[in-house]
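Visitor: Below, each chain spelled out in residue letters.
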Amino acid sequence: MPDNLTKVKILTAFEGVPDSRTLTCYEAGGGYQALRKALALPPSEITAIVKASGLRGRGGAGFPTGLKWSFVPQDSDMPKYLVCNNDEGEPGTFKDRYICELSPHMLVEGMAISARAFGANKGYIYTRYEFFEEIAWLRTAIDEAYAAGYLGKNILASGFDFDLDHYEGAGAYICGEETGLLSSLEGKKGQPKLKPPFPAVSGYLGCPTIVNNTETLAAVPWIITHGAEAYRKIGTEKSAGTKLFCISGHVQKPGVYELPLGYPFMKFFAEEAGGMAAGRELKGCIPGGASAPILTPAELQDATLDYEDLAAKGSMLGSGAVIIVDAEQPMVELLKVVVDFFHHESCGQCTPCREGTGWLANIMHAYVKGEGKESDLPLMHNISQQMMGRTICALSDAAAMPTQAIVQKYQDELKNYLQAKAG
Amino acid sequence: MSIAITINEEEFTAEQGQTVMELAQQHDIYIPHFCWHPGLSIAGVCRFCMVEVEGRPKLEIACNLPVTAGMQVRTDSEPVQEAHKWALEFHLINHPLDCPICDQAGECGLQDYYMQVGKYQAQMTQAKVLKPKKLDVGVDLVLDTERCILCSRCVRFEDEVTKSGGLGIFDRGDRAIIGTYQNKRIEHNYTTNLVDICPVGAFTSKDFRFKKRVWFTQEAQTVCPGCATGCAIDLAFNADLKRYYRIKPRFSEVNAHWMCNFGRGMYMHLNVEQRLLSAYSAAEDAHKPMLKTDTAHIVQALAEQLQQAQQVALLVTPQYTVEDYRALLAFFVGKLGIRNVHQWRSRQEDTEKFDGVLWRGDQNPNSRGLLEVLAEFGIDKQQGNEFDTLAAGNYDLVIALAPQVLATFADIETDLQKLQELPWVSLWASAKQVLDYRYQQVLALTCFAEQRGTYRNYAGVERQLHAATSPVSAEIMSITALVEKLAACCKAQEDEHGSS
Amino acid sequence: MASSSTFDVALQAKIKHHLERFETRRSAILPILNDIHQQYGFVSPAQVQALEDEFDLPRLQVQEVISFYSRYRQQQPSRYHVQFCDNIVCRMFASQQLIAKLKAKAAGCAAGTLSVEPVPCLGVCDGAPAMLVNDERHLRVTCDNLDGIIDDYLQRASDA
Numbered sequence: 001m002p003d004n005l006t007k008v009k010i011l012t013a014f015e016g017v018p019d020s021r022t023l024t025c026y027e028a029g030g031g032y033q034a035l036r037k038a039l040a041l042p043p044s045e046i047t048a049i050v051k052a053s054g055l056r057g058r059g060g061a062g063f064p065t066g067l068k069w070s071f072v073p074q075d076s077d078m079p080k081y082l083v084c085n086n087d088e089g090e091p092g093t094f095k096d097r098y099i100c101e102l103s104p105h106m107l108v109e110g111m112a113i114s115a116r117a118f119g120a121n122k123g124y125i126y127t128r129y130e131f132f133e134e135i136a137w138l139r140t141a142i143d144e145a146y147a148a149g150y151l152g153k154n155i156l157a158s159g160f161d162f163d164l165d166h167y168e169g170a171g172a173y174i175c176g177e178e179t180g181l182l183s184s185l186e187g188k189k190g191q192p193k194l195k196p197p198f199p200a201v202s203g204y205l206g207c208p209t210i211v212n213n214t215e216t217l218a219a220v221p222w223i224i225t226h227g228a229e230a231y232r233k234i235g236t237e238k239s240a241g242t243k244l245f246c247i248s249g250h251v252q253k254p255g256v257y258e259l260p261l262g263y264p265f266m267k268f269f270a271e272e273a274g275g276m277a278a279g280r281e282l283k284g285c286i287p288g289g290a291s292a293p294i295l296t297p298a299e300l301q302d303a304t305l306d307y308e309d310l311a312a313k314g315s316m317l318g319s320g321a322v323i324i325v326d327a328e329q330p331m332v333e334l335l336k337v338v339v340d341f342f343h344h345e346s347c348g349q350c351t352p353c354r355e356g357t358g359w360l361a362n363i364m365h366a367y368v369k370g371e372g373k374e375s376d377l378p379l380m381h382n383i384s385q386q387m388m389g390r391t392i393c394a395l396s397d398a399a400a401m402p403t404q405a406i407v408q409k410y411q412d413e414l415k416n417y418l419q420a421k422a423g
Numbered sequence: 001m002s003i004a005i006t007i008n009e010e011e012f013t014a015e016q017g018q019t020v021m022e023l024a025q026q027h028d029i030y031i032p033h034f035c036w037h038p039g040l041s042i043a044g045v046c047r048f049c050m051v052e053v054e055g056r057p058k059l060e061i062a063c064n065l066p067v068t069a070g071m072q073v074r075t076d077s078e079p080v081q082e083a084h085k086w087a088l089e090f091h092l093i094n095h096p097l098d099c100p101i102c103d104q105a106g107e108c109g110l111q112d113y114y115m116q117v118g119k120y121q122a123q124m125t126q127a128k129v130l131k132p133k134k135l136d137v138g139v140d141l142v143l144d145t146e147r148c149i150l151c152s153r154c155v156r157f158e159d160e161v162t163k164s165g166g167l168g169i170f171d172r173g174d175r176a177i178i179g180t181y182q183n184k185r186i187e188h189n190y191t192t193n194l195v196d197i198c199p200v201g202a203f204t205s206k207d208f209r210f211k212k213r214v215w216f217t218q219e220a221q222t223v224c225p226g227c228a229t230g231c232a233i234d235l236a237f238n239a240d241l242k243r244y245y246r247i248k249p250r251f252s253e254v255n256a257h258w259m260c261n262f263g264r265g266m267y268m269h270l271n272v273e274q275r276l277l278s279a280y281s282a283a284e285d286a287h288k289p290m291l292k293t294d295t296a297h298i299v300q301a302l303a304e305q306l307q308q309a310q311q312v313a314l315l316v317t318p319q320y321t322v323e324d325y326r327a328l329l330a331f332f333v334g335k336l337g338i339r340n341v342h343q344w345r346s347r348q349e350d351t352e353k354f355d356g357v358l359w360r361g362d363q364n365p366n367s368r369g370l371l372e373v374l375a376e377f378g379i380d381k382q383q384g385n386e387f388d389t390l391a392a393g394n395y396d397l398v399i400a401l402a403p404q405v406l407a408t409f410a411d412i413e414t415d416l417q418k419l420q421e422l423p424w425v426s427l428w429a430s431a432k433q434v435l436d437y438r439y440q441q442v443l444a445l446t447c448f449a450e451q452r453g454t455y456r457n458y459a460g461v462e463r464q465l466h467a468a469t470s471p472v473s474a475e476i477m478s479i480t481a482l483v484e485k486l487a488a489c490c491k492a493q494e495d496e497h498g499s500s
Numbered sequence: 001m002a003s004s005s006t007f008d009v010a011l012q013a014k015i016k017h018h019l020e021r022f023e024t025r026r027s028a029i030l031p032i033l034n035d036i037h038q039q040y041g042f043v044s045p046a047q048v049q050a051l052e053d054e055f056d057l058p059r060l061q062v063q064e065v066i067s068f069y070s071r072y073r074q075q076q077p078s079r080y081h082v083q084f085c086d087n088i089v090c091r092m093f094a095s096q097q098l099i100a101k102l103k104a105k106a107a108g109c110a111a112g113t114l115s116v117e118p119v120p121c122l123g124v125c126d127g128a129p130a131m132l133v134n135d136e137r138h139l140r141v142t143c144d145n146l147d148g149i150i151d152d153y154l155q156r157a158s159d160a
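Chains as they are written, first to last, in the numbering used here: chain V, 1 to 423; chain Z, 1 to 500; chain P, 1 to 160.
It should be emphasised that the hints constitute simulated quantities derived from the structure, not laboratory data. Every value quoted in this text rests on a predicted model; they were computed, and no experiment measured them. Even for Gly, the Cβ is constructed at its ideal location relative to N, Cα and C. Treat the hints loosely; a few may be bogus.
Quick partial rundown of chain V residues pointing at chain P, CB under 7 Å, derived from the structure [stated by the list, open to error]:
1) 2
2) 5
3) 6
4) 97
5) 130
6) 132
7) 171
8) 172
9) 186
10) 205
11) 341
Please take these sequences and the hints and turn them into a complete structure.
Guide: Shown next as structure tokens:
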């Protein structure tokens, strides 16, 4: 493996370390040194480092993190907020859960540093409620950090104040969308907000707000400690650093793996995850969570795990949720689960998504029962086409893209299903 | 700062901060939309108002698209037309399509847009989502949640205009449903605006529904006579039947897009069964009902009484036009020198009262206008009720202009009662109800819907009335016309006396 | 207020804490509902009304939130409520059969003891198929171990 693709443990540095969640353990491993270092820097320098590191949002969209921070108006009198998106609802995704399990302090430290960068004095971690244990661990970490002076007023005598609170969701995938999350944090239905304005200018309660994914924020301490250059050296030119990949399905070793971006998919699949489980055969792979278009085994052969290559193949890196689909999985069933999910989770604001997700689900329900028609497939393609790029947030696209991919790539199987049902 | 942009290759000058939708509206460029409303915040949820912007990969919604210098917008390109067609289809897949029994038919956004940008073959063959129908959720409100397209206009109206927060959208996805908390009723004075702004038949008006298909009505642009605010209104009527059906607000600086429910009722007194259709005079037995009499005859009698009377007074309500007051005072004050002019107002009115939205305690549309015209004739008065001073005046002739809308006078029955105890009263009125009393004579007047003219509202702003129909009866006329007739009659008498 | 409140003293204290915890009172709606849920397993209409009457939280806003988020229920759930993941990965691991099995088991229990609800991804796909029994997570559920897991709970219920 070339240097840039050599495995480095950044987010998983504490893997295998006993009591890794405790402050003592985290500090013993060098924890909170990055915060000390950052507090000695001018805030703009922190942003500059993160910008230079090439760190991109790990929640799915891959937007450059430092650039996002730089959109916060510095001359605003309004309070600024940093919100951690720990809602992790994208089916197939369980990487942020792993950070909570391994090193909640890494997230807390990352948040304190990031908040300092653009002048936020208040932060929230928003976690899906089903993570009962993880929420408890995060709360403990926050309490410990307060007690040790890493949070609160005048952190480490730097004059910087940063309060951090935890907010628990209540079961809505859409709250993983950054503005849906902010609506939820405001005590409302988790409906995404119309953009412009973007949250960096007008977010939580109309104040400048940065929403970053857990994994993104947890990478910040390492970048501050080791410098932008060190991070940049990992991964590819456009996709710098490491990423957590969570692989699931009928593979030998499902789980979370930290790999440099650009890592060859097949190598990851075969060597890290151990390949298919006994007696199973690879039929396809959803490389970035339920909203990512499926890739066929042929497409996977030379795929690399980075934003650019997967986009070039018509899919996306997304949250890094690699769902392996095996030959026993009927595609008609998979498609039905996908459209049912988005139908269940559409917030209902925008017409194309509210109606389109229901329409797709209706078609699939009939189809599975053998009551479909071959013309349903082009119709589903067309409905999906009109759901894309038409709504406030990307949930509509998230429903449409995988639908189109399955309909197109597995159309023979879908047609055969219908015939078999009829016969 | 102004910005040059093009829409469909035509150049326009826009203001910084303006949206493409606002600019398009200003220049009558057609962009279909449901959720956008000029009087409400931007929701951007119906996703109907898609336009194409040169150089941008995706279509954009015009309602939330700020103009930028050099922007080139297309509202008619093929992708836009395709998007509009689909946007409509998405809106309709769960709509019940019950137009034949829906009162919104004829003024429904879904119907209109289907003809304008739709005309597709429906592709949805599965069952529709069913939701509650025919809910009584407040004053004048019937809610059909199945017809609702979830544009959220009504929710925003409740939050932003009346700030009563009575409506919400519950659940999510295509199960989302509009409603009040547990179907509790919304009780404020502005509920019918929800019917107006609902672009479909989800909210219909209890008062109007099933009375008349809208294509059998016409609309006159006039002014609400219900209070001193003077909201601009569209008065719906059928000219052939000379019947009035409803009042809706029309945009003006005074009332923006809204009006109160009280004002909406200002059509009821216009219909023929409520109206005084001809002149009447006292029966020989004064306790018996008055007798229908030829107008010319009555005017003649009035002219004679005018000549004989020693003490003449005018009793004037602030519910007529500036023009009528001028004609009236020009004759009685200017020509005859009568200076006993009394204002007749409601006893219990609180003219300072204002509900913070539009409705005012002064339920006379022309209080300012009356005082101004009086001043023109050298009679300086403050707003006030001078009904009681009338009785003390020992007048042997009182010419009284009854309120057009009797209901706006809290003590109207007592007033009319007291009035009939005076020696000689010529009551000018438009409501049939005055015939329950006994006066020397009653003259029949036109209503605000049958005439042109001007009110001056509480702030002195001129409000122009426009006639909707011709008078419901040939025997009724405006104050101006009556005064003219009277003046002619008096002149004839003078001439007669002069020549004899 | 304390004596006549719909909520017990501890819950009242939590509600007050949440109302003061955020920049706006409205932000407290989810934390308050979560606490009510933690205690009762559901939010009753009477409690919604009480939040308006006692704490000035508009019932319409509260109801909108309750209706939107899938966690919130307005009826008392069974003593053991199973949220079984029925999304892509768990479906590959026979979630449907397991849910059917659970439903059959629930039907055989006394009313109000056991219920099952298929839910979207629980975020533990590496342990598929997964379920939550109340707030306890169980991974790699199989037809073989399902009975044992549930019977433990039922045993606890009958011991109690």
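Visitor: Indicate, hint by hint, whether the structure satisfies it.
Guide: These are the hints, each one checked on the structure:
| no. | hint | in the structure |
| --- | --- | --- |
| 1 | 2 | 29 Å, violated |
| 2 | 5 | 24 Å, violated |
| 3 | 6 | 24 Å, violated |
| 4 | 97 | 5 Å, holds |
| 5 | 130 | 5 Å, holds |
| 6 | 132 | 4 Å, holds |
| 7 | 171 | 4 Å, holds |
| 8 | 172 | 5 Å, holds |
| 9 | 186 | 6 Å, holds |
| 10 | 205 | 6 Å, holds |
| 11 | 341 | 6 Å, holds |
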